[in-house]
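One line per chain: the protein sequences are A and B, in this order.
Each residue of the first sequence is one higher than the one before, counting from 1 in our numbering.
Each residue of the second sequence is one higher than the one before, counting from 1 in our numbering.
If you're looking for bench data, these hints aren't it; they were derived computationally from the structure.
Be careful, since some hints might not be right.
[Unchecked claim] Listed next, the in silico DSSO-like pairs over lysine-lysine satisfying Cα-Cα at most 27 Å (straight line):
no., chain 1, residue 1, chain 2, residue 2
1, B, Lys-239, A, Lys-100
2, A, Lys-100, B, Lys-253
3, A, Lys-24, B, Lys-253
4, B, Lys-41, A, Lys-92
5, A, Lys-24, B, Lys-239
6, A, Lys-24, B, Lys-125
[Said to hold, decoys possible] Residues from chain B shown here face chain A by an in silico Cβ test under 10 Å; the list is partial:
no., residue
7, Asp-79
8, Arg-136
9, Thr-137
10, Ala-247
11, Lys-248
12, Val-254
13, Asn-263
14, Val-328
15, Leu-332
For each residue, glycine too, the CB sits at the ideal point set by N, CA and C.
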Amino acid sequence: MTTPKGDPILLKVEGLRKHFPITKGLFRRTVGYVKAVDDVSFQVRRGETLGVVGESGCGKTTMGLSIVQLVQPTSGRIQLSDNGGWMEVNSKTIRHLRDKMQIVFQDPFSSLDPRMRIRDIVAEPLQAHGMKNRRQRYERVETLLEAVGLGSHHMNRFPHEFSGGQRQRIGIARALSLNPSLVVCDEPVSALDVSVQAQVLNLLDDLQKEFGLTYLFVAHDLSVVQHISDRVAVMYLGRIVEMGEVDPLFLYPKHPYTEALLSAIPDPDPDVVGEQIILQGDVPSPADPPPGCHFHPRCRYATERCRQEAPELADLDGTEHFVACHHAQDLDLTGVSTRATA
Amino acid sequence: MLTYIARRLLFLPVVLIGVTLLVFVAMSLLSPYQLVSTYIKSPEELKNQSLDDLVRKYGLDQPAHVRYMNWMKNLFRGDLGYSVSASMPVKEAIARRFPATIELALFAVIPVVFGGIWLGTISAKNYNKPLDHLSRTFAIIGWSLPDFVFGLILLMVFYGVLGWFPPGRLSMWADTVVLTGDFVRYTGMNTVDSLLNGRPDIFWDAVRHLIAPVITLAYLWWAYLLRITRSSMLEVMNKDYVRTARAKGLTEKVVANRHIRRNAMIPVATVSGSMVLGLLGGVVIVETVFDYKGIGLLTATGAQQLDYTLILGTTLFYGMLLVLINLVVDLLYAVIDPRVRLE
């Protein structure tokens with residue numbers, strides 16, 4: 001099992017699957033499944049940030065949404081640490097766990113109800129979780145808005161009166177209103193301008209320190225993930241292919257897919273002649289993944305074994321650096337800093 | 001806000017000149033002899049005077065633009081002319097008939113709008129399930145049935161066979177009471193006036209006469225509102241902010257009522273506004289079928305008899321109504337959707 005050392009574990013995910021049925025014809029017969037998330041297991045420590053990266057369609061967002069039950073998982077077990085015990089997270093229990101696990105959504109423009117004032121958007125979870133006193137709620141909203149860098153004069157406004165960055169701050173205030181221990185951040189900055197991205201990332205960083213938050217940070221931008229994460233999980237076609245501490249993973253990747261992803265990060269130094277690994281072909285359809293290792297059709301190191309046998313995610317050297325590759329130990333892959341300097 | 005209203009009202013005269021001019025142009029396509037025909041009740045009238053005399057008498061020999069200017073001049077004096085088909089001044093005809101139409105519209109709008117929204121909500125909540133198909137089929141049948149067919153069926157069953165809902169606006173005995181001097185006509189709406197005069201029996205009689213036309217109108221329009229509500233709800237259901245609402249830990253009921261329905265109502269309100277406008281403009285066929293003497297029936301009769309003064313008068317009136325109600329709808333729009341700014 002992929003057990004990280006150090007701080008106590010907050011979230012355990014075991015064998016999480018989300019398969020979307022594909023229906024066809026007049027009677028909507030199920031002809032197959034899109035395996036958006038396919039047998040994913042990992043754990044998150046209290047207070048850390050686990051970054052999840054992968055290209056579009058790899059299932060990272062679906063995974064984040066299934067953990068907070070906004071997408072109903074097909075199977076798998078999710079447990080949240082609670083006062084020394086474990087709470088099962090499923091569709092029945094989730095409504096009472098919303099105060100412990102929250103989510104910040106990707107698109108700040110569409111995720112706020114356009115007909116609600118900011119104070120009501122942020123206060124609504126409080127009301128739903130038993131804070132009956134209206135004045136008390138609004139006081140809490142004021143504190144929260146201040147915490148995310150907005151003022152109490154924003155309380156009576158409507159979402160359309162704010163910029164993208166401000167809206168995302170409102171989304172963050174809303175997520176924090178119930179004092180959650182875990183916050184799933186579903187690409188929280190990908191809809192924002194780069195300059196605003198930095199502000200929001202720093203805000204998330206500050207809030208984590210202030211409130212002792214744990215983040216599951218889903219993103220496709222590798223530099224963002226490198227900046228914010230303590231550990232990183234790399235997903236490909238619904239599975240985690242590599243997971244480990246951020247620096248070892250970025251410097252010494254062990255999976256060929258991670259290597260290819262990292263080679264795509266632009267280097268600000270014009271003298272660096274990085275080797276761009278261009279992956280051949282498209283991502284295979286998650287409805288019909290290739291046999292064996294899912295990555296083998298695009299992997300330049302693939303062998304016969306990769307075509308037949310699916311590799312398990314394993315900790316090879318006891319350093320909490322997990323990788324799902326048959327050749328992890330034989331390959332010498334290039335990370336971000338081991339690029340040749342001309 | 002006030003400047004917005006003022007600016008919108010500035011357009012009112014422009015619209016009114018436009019529509020009346022249009023009617024005048026259409027009318028000028030008719031020969032003076034055709035236009036004068038409305039004044040002739042029987043061949044007897046032509047014994048002592050020729051058609052040309054009559055044409056000259058009513059000023060129909062003058063060119064159209066002169067007649068239009070004359071009509072305008074009278075209009076500014078508050079005179080809309082005399083309607084031959086209604087045998088009374090146009091102004092009085094409108095004043096008498098319009099309350100009847102308002103009454104019908106008021107009684108119809110509640111079942112139409114709320115019924116349609118209710119059906120649409122059922123459909124959306126049970127998307128592609130039997131209940132959805134059932135409510136849609138039910139509504140589509142109403143939409144497809146011509147109102148003169150459905151109205152006549154209602155009349156046949158509930159008047160002809162059962163005798164519950166008679167046509168007209170009041171029964172003979174009630175009409176007699178209403179026409180006596182003791183009965184004060186405050187609004188011209190029978191239901192309101194009867195209550196103000198303390199006559200619940202007349203109120204009940206008026207309601208009995210309203211039920212069948214209201215059902216006809218409601219069944220006709222339900223499909224329309226159902227479709228708008230259903231598609232709008234389905235669209236909103238998949239919005240990100242609905243997912244956000246779920247993430248807050250709200251119950252499904254709160255999510256549906258506070259977040260989905262409120263946002264889905266915005267397009268429904270627009271459609272309802274134009275529907276009210278249509279109802280107030282008079283529903284010719286329903287008023288004809290049920291012999292309900294509203295403004296629709298008045299205009300239709302006038303048009304049949306080439307009663308151009310009446311047509312001009314009702315056109316003017318309807319144009320005014322259109323501008324005012326659209327203004328009200330736009331103001332309401334800003335109330336229900338904070339993103340709309342009136343400028």
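Would you check the hint for Lys-100(A) and Lys-253(B), treating anything up to 27 Å between C-alpha atoms as holding?
holds, 22 Å
Does the interface hint hold: is Val-254(B) within less than 10 Å of chain A, judged Cβ to Cβ?
Where the cut-off is 10 Å and the nearest Cβ of chain A is about 7 Å from Val-254(B), the hint holds.
Let me know if the C-beta of Thr-137(B) comes in closer than 10 Å to any C-beta of chain A, holds or violated.
violated, 18 Å
Pair hint outcome, Lys-41(B) versus Lys-92(A) [Cα-Cα no greater than 27 Å]:
Since the Cα atoms of Lys-41(B) and Lys-92(A) sit roughly 80 Å apart, the hinted pair is violated (cutoff 27 Å).
Holds or violated: Lys-24(A) to Lys-253(B), with C-alpha atoms at most 27 Å apart
Measuring from Cα to Cα gives roughly 32 Å; hence the hint is violated.
Regarding the hint that Asn-263(B) lies at the interface with chain A, is the smallest CB-CB distance below 10 Å?
holds, 6 Å
Compare the distance between the alpha carbons of Lys-24(A) and Lys-125(B) with 27 Å, and conclude whether the hinted pair is satisfied.
Distance ~23 Å between Lys-24(A) and Lys-125(B) Cα, so the pair holds.
Restraint outcome when Asp-79(B) is required to lie within 10 Å of chain A by C-beta distance:
violated, 48 Å
Does Ala-247(B) pass the interface check with chain A, least Cβ-Cβ distance below 10 Å?
Hint holds; Ala-247(B) Cβ to chain A Cβ min 5 Å, cut 10 Å.
Hey, Lys-24(A) versus Lys-239(B), does the alpha-carbon distance stay inside 27 Å?
Cα-Cα ~25 Å, so holds.
Hint check, Lys-248(B) versus chain A [nearest Cβ-Cβ separation less than 10 Å]:
holds, 4 Å
Grab the minimum C-beta distance from Val-328(B) to chain A and call the hint holds if it beats 10 Å, violated otherwise.
Given a least distance of 20 Å, the restraint on Val-328(B) is violated.
Hint compliance for this structure: hints 3, 4, 7, 8, 9, 14 and 15 are not met, and every other hint is.
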